[in-house]
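Protein chains in written order, with the working numbering: chain A, 1 to 322; chain B, 1 to 322; chain C, 1 to 322; chain D, 1 to 322.
It is worth saying that the hints were derived from the structure and are not from the lab. Check the hints yourself; a few may be wrong.
[Stated by the list, open to error] Calculated pairs, DSS-like style, for lysine-lysine (alpha carbon to alpha carbon, straight line, at most 30 Å): (1) B/LYS152 x A/LYS92; (2) B/LYS175 x B/LYS188; (3) C/LYS92 x D/LYS92; (4) C/LYS152 x D/LYS92; (5) B/LYS152 x A/LYS53; (6) D/LYS182 x C/LYS89.
There are 4 protein chains.
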Amino acid sequence: MLGVCAAALLAQAPKGWVKGKGYGWIWGAQDEVGALNAIMSPECVRRALSEVKQGRVYDLGVRIDRRSYKWPGHSPIEIMSFRSPHGVKVGKDIAAFAAHPRRLAFHSCALFISDNVGTQIDGLGHITRGQDDHWYNGFREQDYGGDFGLMKADADSIPPLVARAVLVDVAGWKKVEALPGKFAIGPKELEGALARQKIDIEPGDVVLIRTGTLRYWGETGADHARLAEHDSAGLTLDGARWLVEQKGAVLIGSDTSGLEWGGDPTLPVHEYLLVEQGVHIGELFYLEELARDQAWRFALIVTTNRIRGATAGFALRPIALR
Amino acid sequence: MLGVCAAALLAQAPKGWVKGKGYGWIWGAQDEVGALNAIMSPECVRRALSEVKQGRVYDLGVRIDRRSYKWPGHSPIEIMSFRSPHGVKVGKDIAAFAAHPRRLAFHSCALFISDNVGTQIDGLGHITRGQDDHWYNGFREQDYGGDFGLMKADADSIPPLVARAVLVDVAGWKKVEALPGKFAIGPKELEGALARQKIDIEPGDVVLIRTGTLRYWGETGADHARLAEHDSAGLTLDGARWLVEQKGAVLIGSDTSGLEWGGDPTLPVHEYLLVEQGVHIGELFYLEELARDQAWRFALIVTTNRIRGATAGFALRPIALR
Amino acid sequence: MLGVCAAALLAQAPKGWVKGKGYGWIWGAQDEVGALNAIMSPECVRRALSEVKQGRVYDLGVRIDRRSYKWPGHSPIEIMSFRSPHGVKVGKDIAAFAAHPRRLAFHSCALFISDNVGTQIDGLGHITRGQDDHWYNGFREQDYGGDFGLMKADADSIPPLVARAVLVDVAGWKKVEALPGKFAIGPKELEGALARQKIDIEPGDVVLIRTGTLRYWGETGADHARLAEHDSAGLTLDGARWLVEQKGAVLIGSDTSGLEWGGDPTLPVHEYLLVEQGVHIGELFYLEELARDQAWRFALIVTTNRIRGATAGFALRPIALR
Amino acid sequence: MLGVCAAALLAQAPKGWVKGKGYGWIWGAQDEVGALNAIMSPECVRRALSEVKQGRVYDLGVRIDRRSYKWPGHSPIEIMSFRSPHGVKVGKDIAAFAAHPRRLAFHSCALFISDNVGTQIDGLGHITRGQDDHWYNGFREQDYGGDFGLMKADADSIPPLVARAVLVDVAGWKKVEALPGKFAIGPKELEGALARQKIDIEPGDVVLIRTGTLRYWGETGADHARLAEHDSAGLTLDGARWLVEQKGAVLIGSDTSGLEWGGDPTLPVHEYLLVEQGVHIGELFYLEELARDQAWRFALIVTTNRIRGATAGFALRPIALR
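Chain A with its partners taken away, still in its complex shape (with noise of 0.2 Å):
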């Protein structure tokens, strides 16, 4: 029955998408969700989990603590243990375990959090254009920016993604452990990478670009040297904008911290994909086990937390299914 689905949408293009032209600020003009309204269609979820045969689980989120890479202009992360069994017990602040019969207590922790760290998924209000500071849709900074986070298009305007998704795994093509740092991954290294996998994009997909920078994770990304010297190799310009023109990608993904080529600090890939063509990116993704099982097409599920005005999703956990 799914296979039926997806035959169906095959056959046409996704909702939105116009080959040569991507999406862009289509979707009317309160709309926070951008490229990723082409596929919130009951028939594009059956489509994605059509994917699914074995039922095997991968796990795409790095794990973090307070040492984690990251980027150095965001906030620290702290995981604090707020409530101890100890302070519960000798704090004696709660009634119901000042004497508890059973000797009972509780942990629980405070987090003083980026939304910038770990799995990520950038909301579309995350980077800001021009003198009006506008992201995404028109949305101005004098009208919905604030004290508490962004009043459009925030993280928690991602919809729950169950979407079909591509994995391109470029340094398997370069046949290196990582790309080395500053690799500029354009038009033609996401063909060559796409010919020797034997698959291609089709509109609609969510598309991850492997880069090998992760291999050197570990437990919860303390070699922050080791990954920063891999973390540049990333996508350039024409990269992306032949992956939503050309092939209508819906979301872009990678496993380094910015997604885009290291060369050009004025972030080109970040303002196009999210400002001009309303496509999240997806950043720090670990693709380590989908390319060694060769795992070349899934169903990828990831959901952002619900909280009100983050500007990305993070510390995420995305799963692929096959």
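Starting from the known structure of chain A, arrange chains B, C and D on it as the hints suggest.
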């Protein structure tokens, strides 16, 4: 194909479960997963996904912000604009943005947040017991407690969950919008609701119990009085025992902040499920749309953040797929 | 010797002050200090200390913890045990303590705290006005606001204060434990209290006005209802004008959370003192012991934390010396 | 008059001090103040203030921001604009500002901060020792540790300090800008510096030792490498013993982040001063201006924030008065 797997599975109890006894500390001395071990096989994943016929996605998470309803013993929630376009441009502390040719800037947030807010899954180390403050599987505070959260059975150790789930609509059975405060849900109530729904629970199922409380969540749970009025409706120890020992539930959740009946402040259900049985607890799962659609059985997919040490998955967005 | 200095000073108005006009933006375009400039000279320090006869020290700060009374619009207070002996020893993350020969360990706390809690001095950038959001001395948000607090007139720019101060005990004059809510303190009330105390205010003095509210602070300000009952007693705009323009006060404080009369929510006294006159505001100064001892004049010494960007000195411990 | 008091005091040792032995746990079983008890009398306050001749104020605090030098084991520093004029106006969440007639708004900050940063006074509970993790006066973790900081001998229990203080300029004696790393300051070095300065330490004095490290603090301590180069110069255990047992120092501070000699990572000076003697430790006191002016003796006034549970006074602004 999926149907076959499910049938095979239905012919036998899930791994580890013993009728009349449940689960318990049976998975090895270092196990941090508990009863969910029973449903981690590819067969179980396929069985769960076999519930998906239409491709409909239900979002079971509730949105939170600084005013959201929560247990007062937890630390507060602040989502703070950390970097803003104005601040980035005036601050000039990041070279790439100090004089950007296209006036790019960005938003990010810093969060101060409890790991026990919003839609949650309590980790198996949340509750401790006894003089030695041990939790599930005998992990003791003196060995595995610490300053940065749990060193055993933290929320990061909760595997990505793709499970078959059953909704038990007790509020629907009682024909009320929401159950009154301190309404006790025991075996009789669960059987009553299941009979009305004409379904049963099978071993290995996730069970979600609806009280109707989240009907009053609104945008972000700001009406504390209204929510508190119903929030103490919940599962009794007898009810929990029946679900685990007679029915084989692997995770039990509801739409209240604590799952269990508010009449007993000593938390016997938390103790029984988390410490004794290794059965995770779901809290503040939004079940209103499922109930409206009489969606009694579905695939439940939920992942917690990959944050080492956290005691619970928080601000989650579980999804139900049909 | 000290007496001579004081006498010399008393013979003239403090630098910058004009009777009938007060202070204002007279200290130069880059000034961040305001009216306190008038009393920064060594002569004024000696004059202040000449009030010290006995060597008695009064602690004017109120102790805070997570439950303390504060304006609900500010961020909350959490003082969290960050490192504990148990956590240091079990965590083994710091070499020096992992196997210490004498079993040394340590405590430290992480604080999540507002810069507007406890005993405070509002910095001159706390309040902004107008379309351009300017504050004292015309500093505008577009130039000096930012992501990390104030870039002009932050609390760090408040100089260490060694000043002569006068207590105006309005509650004592009214013969009440504490003034009733919304009791308005204008020139008449101030004159009444001063007459009872048989003292006057001299130009260059700090003025501290007692309502009696902090009589109910207790350990850490946990009785919010009781405190709120009196906390809206306060200074009217007329009273503030009289103190600055007729009396030459350089800083005006009280024992309430907002100094000013609670009947006008538009904060005219904050606007007048901070923005127009450059006169700092003191809040939640504990004046009970001074009143009990009829200590009407004293040296006031108070320093704010050296935290760049903070908008107010918070959780302060000013001292009165006699 | 003040001179008389000082003379009276000089004729005898301060209360509690025994030459050759120092202070110790002599102030009663519940005492949280330690050696500072010796100088709390009005006579001592007058004696301290008798050092003030000119009325000059020296600011001994260093300014901190998110980049400031600190021990890496402490939690980070973030000073975040919590409410901003733009956010207040756009957010409209506070009635008084939603439509203010004069367009008033405000700034406030939220701070995430360690209680061990900037200019500090270590509280007597900072360091623990032994199997039972006890600190000064035998307070044990099992009785007085907790989730919200220390329940005995927290920084709030440090009384407002008005003390006579002596500067021991070791860097000046060695004729260097700053002492080299791991320079050990023992009795010989202290005596050498005092001889050059032609002063002595009297029982009851605060002693501040200058290494010159803070010459490189700059605006906010951003040059970590330069600071770290000198920061390990410090007091040896012999030096600490000599100051307390032979000279009667009640508080010992310096211009480094840890006071003690960096050559011994087991922190014997912290253990000796805080745990055994009940003598507080001062860190990162800015002594450059005092040294330049050869201000060898002065009144030191310093107060810690009134935050219950904090383990140290942090981001302090002590002042020296001459």
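What hints, given by number in increasing order, does this structure fail? Numbers 3, 5, in rising order.
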